[in-house]
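Number of protein chains: 4
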Amino acid sequence: MTLILFPCYKAKKAREGSMVKKIAVFTSGGDAPGMNAAIRAVVRVGVADGYSVVGIQGGYQGLIDNDLVHLGPRSVSNILQRGGTILRTSRSEEFKTPAGREKARAILEEHNIEALIAIGGDGTFRGAVALSKIWKGKIIGVPGTIDNDLFGTDYTIGYDTAVNTALESIDKIRDTAEAHERLFLIEVMGRHAGFIALESGVAGGAEEILIPEYPCSLKDLSERIHERRKKGKTSSLIIVAEGCSEGGAYQVAEKLKRMEHGDYRIVVLGYLQRGGSPSARDRILATKLGAYAVQVVTQGISGVMVGEIAGNLVTTPLPDTWEKKKSLDKVLLAIAPALAT
Amino acid sequence: MTLILFPCYKAKKAREGSMVKKIAVFTSGGDAPGMNAAIRAVVRVGVADGYSVVGIQGGYQGLIDNDLVHLGPRSVSNILQRGGTILRTSRSEEFKTPAGREKARAILEEHNIEALIAIGGDGTFRGAVALSKIWKGKIIGVPGTIDNDLFGTDYTIGYDTAVNTALESIDKIRDTAEAHERLFLIEVMGRHAGFIALESGVAGGAEEILIPEYPCSLKDLSERIHERRKKGKTSSLIIVAEGCSEGGAYQVAEKLKRMEHGDYRIVVLGYLQRGGSPSARDRILATKLGAYAVQVVTQGISGVMVGEIAGNLVTTPLPDTWEKKKSLDKVLLAIAPALAT
Amino acid sequence: MTLILFPCYKAKKAREGSMVKKIAVFTSGGDAPGMNAAIRAVVRVGVADGYSVVGIQGGYQGLIDNDLVHLGPRSVSNILQRGGTILRTSRSEEFKTPAGREKARAILEEHNIEALIAIGGDGTFRGAVALSKIWKGKIIGVPGTIDNDLFGTDYTIGYDTAVNTALESIDKIRDTAEAHERLFLIEVMGRHAGFIALESGVAGGAEEILIPEYPCSLKDLSERIHERRKKGKTSSLIIVAEGCSEGGAYQVAEKLKRMEHGDYRIVVLGYLQRGGSPSARDRILATKLGAYAVQVVTQGISGVMVGEIAGNLVTTPLPDTWEKKKSLDKVLLAIAPALAT
Amino acid sequence: MTLILFPCYKAKKAREGSMVKKIAVFTSGGDAPGMNAAIRAVVRVGVADGYSVVGIQGGYQGLIDNDLVHLGPRSVSNILQRGGTILRTSRSEEFKTPAGREKARAILEEHNIEALIAIGGDGTFRGAVALSKIWKGKIIGVPGTIDNDLFGTDYTIGYDTAVNTALESIDKIRDTAEAHERLFLIEVMGRHAGFIALESGVAGGAEEILIPEYPCSLKDLSERIHERRKKGKTSSLIIVAEGCSEGGAYQVAEKLKRMEHGDYRIVVLGYLQRGGSPSARDRILATKLGAYAVQVVTQGISGVMVGEIAGNLVTTPLPDTWEKKKSLDKVLLAIAPALAT
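Chains as they are written, first to last, in our numbering: chain W, 1 to 341; chain R, 1 to 341; chain X, 1 to 341; chain S, 1 to 341.
Please note that the accuracy of each hint is not assured.
In this list, chains with the same sequence are indistinguishable; a pair is considered to hold if it fits within one copy or across any two.
[To be verified] Using 27 Å as the maximum straight-line C-alpha spacing, the simulated DSSO-like pairs for lysine-lysine come out as follows:
(1) K230 with K103
(2) K219 with K22
(3) K21 with K231
(4) K22 with K231
(5) K96 with K257
(6) K22 with K133
(7) K326 with K22
(8) K257 with K233
Keep in mind the hints are simulated off the structure, nothing from the lab.
Just chain W, with the same shape it has in the complex (with noise of 0.2 Å):
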């Protein structure tokens, strides 16, 4: 394969002169699928390139507790295709306090790390900042969160197999409902953002999908179903985004039952839509977006979360990620009526 070359690889000379050395890598927050394979390129990548790199075990925690291991090529063999994170993850309490932070950097300093790749949400990237105002190193953020709610990149890694997830079993519940001519409702993730339940819901032709976004009438909800009963159709399922305006599932299943909505059932998928073997499309993107961190390290950038917009490579800077709203698919939204005949 005769290769067009990536910027990063004639950074290599560029770079010799400078200080970089040593790059840890981490994952925080939620595990999502594909992590593994951002972990796996960022070291991949980064040792072509020259560094050194480690790993923090356990996210913010691990690295107050200094537990951090060696990672080379074949320490991330045979990982790209594992659901989870084989660095672990945690919510660290401990590190939301100045002094949690402060022992962060005594560790950063001791083991001369001179660039931190943060695999996370926005928990994970205002902790990142947080550390920026005590700690002269570089940081880099890998967007890595089912959610999919990060300004700055088009998906999040593990957004694409959370909705593969979803409609797998949103598949599965048609069949039952079919069967019994019975109202579903099938809660998904997203306390803050609709973008699985419109997703997963178009693609699993739901007949009503409930989001954050937008303001819900279960009255009007209510009339929708009795109106399709009347043309024959008895069974519907309804996609709840946990964080609707009426609450999840269970809350939504209450209120309907007193417009006497009865037979209904109650599927919540929660945990189950963080696992599982990533994507194509998931692995595909953790693989770019954590080689172009290792190159924006290269480059001398810090404070940014790097990410895939219209099919290029981007930077943004962190609070950006978590101030901006994505918006959701306006032709979704929009189709979706005329779809759930």
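Keeping the supplied structure of chain W fixed, place chains R, X and S upon it in accordance with the hints.
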């Protein structure tokens, strides 16, 4: 392929002088993957064997409502791989009354149905026995339920798929459990029987399995969790059959919380376990039992459930199927603790 | 859900005075997962938008043979999740002749079809252009092919599913490759384009990827295999696009054998890549493009393919779709060698 | 969970005075899904039962090369769900020579191995019998092969997964077959036995199944295809076991072509059938047989294969496993023609 003749083909001639001409088939109770494969086998083997076959849509209620449809070999094309049931199912309150059953009898006589093949679980078979008190036709049961809790067959149709579905979910949750070092409670189906819990738990490498058949001491369980933590095993999967003596996953969790296991997560698989394309084993079992049900009709037998025990096709009087108790696999029960190190 | 109005709904009124009333939709060429989702969207959005929709069964040959069927919203129930195409497809020799196309024109006029929505690949679109020379109706192409080799859309319908299917196969073969320490050659689809090979290869962690776009030196490849063996890596997966410069997997294997790589195994994925339930991404893309095709008809446009580029719905003149060349992902090409350590 | 004691736990004390202390386990021949589950059970039950367990890496060749590794309960964590074998496998030419086996004997004695648990197929067991002529230790076989062609067990480890993998492929190809109205020849594994072909064919609704056990008349088959076409069934799936009397799929296709069935397609599933995460049934069978192999060692038995027949754990002298012939399911053979209408 040179054929070893199956008795039902020889039986064709013998039957020619007899009176049975029309068979009705239906599905009832909870749907199970493989029901469509059983319907297909009844229709295709039935037609090959000289019968006319009708399908009753919507279980016993559909029978009362005279919702019958003629089924030819092409009516059941392309359904073998589908979950749910093309004949739909229901739980009929009306059929539980003498008046409802009287209506059912009238419909059966109106259509000259001479044999009824009922695919379902113990509720379905209880209904069949009640019907047989007032109707003279033959009734054959086919075990279609994911719970596997029928005496008279090693496995019921749908069970293998349900175990594999539960197992895939357990595999996914393990990714997250290990990433976070957490305790997970996973509730699987099984109100009265621990088959799904035991097999999916052993196959999924669960640390603990709680089943209805054995009283479970949460105090002992709590101690084992603490011991494993001391040995460095920080994540645990606990499979809870919904009919466990200590309650479902939410109730068990509440009790464990009081024993200071704070950081647990709950997943209730619920209706997910009913759906999906049936496994090879379920399609084959359904195909064999559907074909055998037709043969049993030809043999003039009534009031039995067909089943497979130790590789042989057998019949069992319908009341035995729910009155007698099928045992869990003793070997699995015995070795489970050694495996969950 | 408060709706952001999609222009096609506003367009409804504007269109009322216009002449277009009946749309025909068909699938042609190789089938691709998601074609059914596109048909469903054309029908449901078409009907919501005031059109009457007919389906042509069996591609261009079905048109010639007058094999048309009316499609209402219920005709396309429960097909969203199915592989293949309910309208069937074909490769018609007759349509390649002027007489054949003349027959097609006559049928279109007989039925008062005013717009034709053609779901398929470049062969389908060439046919559409030929037809447009003698027929006055509007023709809109929808990109449905697993190969992804159409200019004018980032992805074609079916591609994401095909990559995931290839990937699952690669994951499975890796199990055996590592158990046996063997060299495997896996041939994927792609006569003229390396999209499937490149993405499934990177996502599957393949050691080598041979694609039509770049001449490949088997001598260099052989040396890299020897080098990896010296470093202890005894198993290798080589992905071969069927249109690779050195031939398909069997021919490459023959040549490697002469270079003393005796212990290799071959797997040709072939038709497996066409089937299966479409992925979330393919269902969503198909749904959006099907809906957009209807809108484009309403706008009075003809002779274009609808597509999605950088998240925007766009149209491209049909001849451009096969005359212009879509590039492979440059980042993946560049980083692939560093990943395959 | 109150435990019903499995004899191997009671056996612990009885064994304490005995001489067996160290067990070696290995996998050999073609890999099969579930081999890792069997290794895990041998190790965990072995250790629970007081043994020290070592793993031989790379089959008989690894034994000759002294490639042994100690296995504790944690060594086999998180492997239950993985395809392939962590101990790798091989086909050793050296072991087929007396000198090779002499080396193997020396290694076994050097390490004080007192029992060898061999997971594999008939080739593996033939090797075990040859070794037993010169080595005094105990040898127990565990049936691990996707072909299911071993006498002494209803199913072999890996068979259920292979059938399901073949079935998923058949389901996918049916999508395309129906879209194009085509004849497909699908070759599945089975050089000497038709188990995979028969079960995946019946479960997949194949129109024809060609197996090594019965001579097949292509002339009759050709006539049946023509007849079905007359009845309007234009697509057909023909499953061909690789060891069919008329040859594999390519040879059968060549012969059908001469009988004027021009438009056929071929798919050879090949190595795909070996890989993948094992099914629930395979994990459970592997777990039970691995545990039982340890118990059999404790009982002082040697030269047998463990198996499960009609739900009971049994042993069979190793030579019987390949000399005696296991029959195909007679019911499936008999009903297959009626199903393929």
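Right, here's what the structure says about each hint:
1. K230 with K103: For K230 and K103, only the inter-copy Cα distance (26 Å) is at most 27 Å; the intra-copy one is 65 Å.
2. K219 with K22: neither (59 Å within a copy, 36 Å between copies)
3. K21 with K231: Between. Shortest inter-copy distance 25 Å satisfies the 27 Å Cα cut-off; intra-copy 68 Å does not.
4. K22 with K231: between (66 Å within a copy, 24 Å between copies)
5. K96 with K257: between (43 Å within a copy, 25 Å between copies)
6. K22 with K133: Cα proximity of K22 and K133: one copy only (20 Å, versus 58 Å across).
7. K326 with K22: neither (33 Å within a copy, 38 Å between copies)
8. K257 with K233: within (19 Å within a copy, 44 Å between copies)
When held up to the earlier numbered hints, the structure conflicts with 2 and 7 and fits the remainder.
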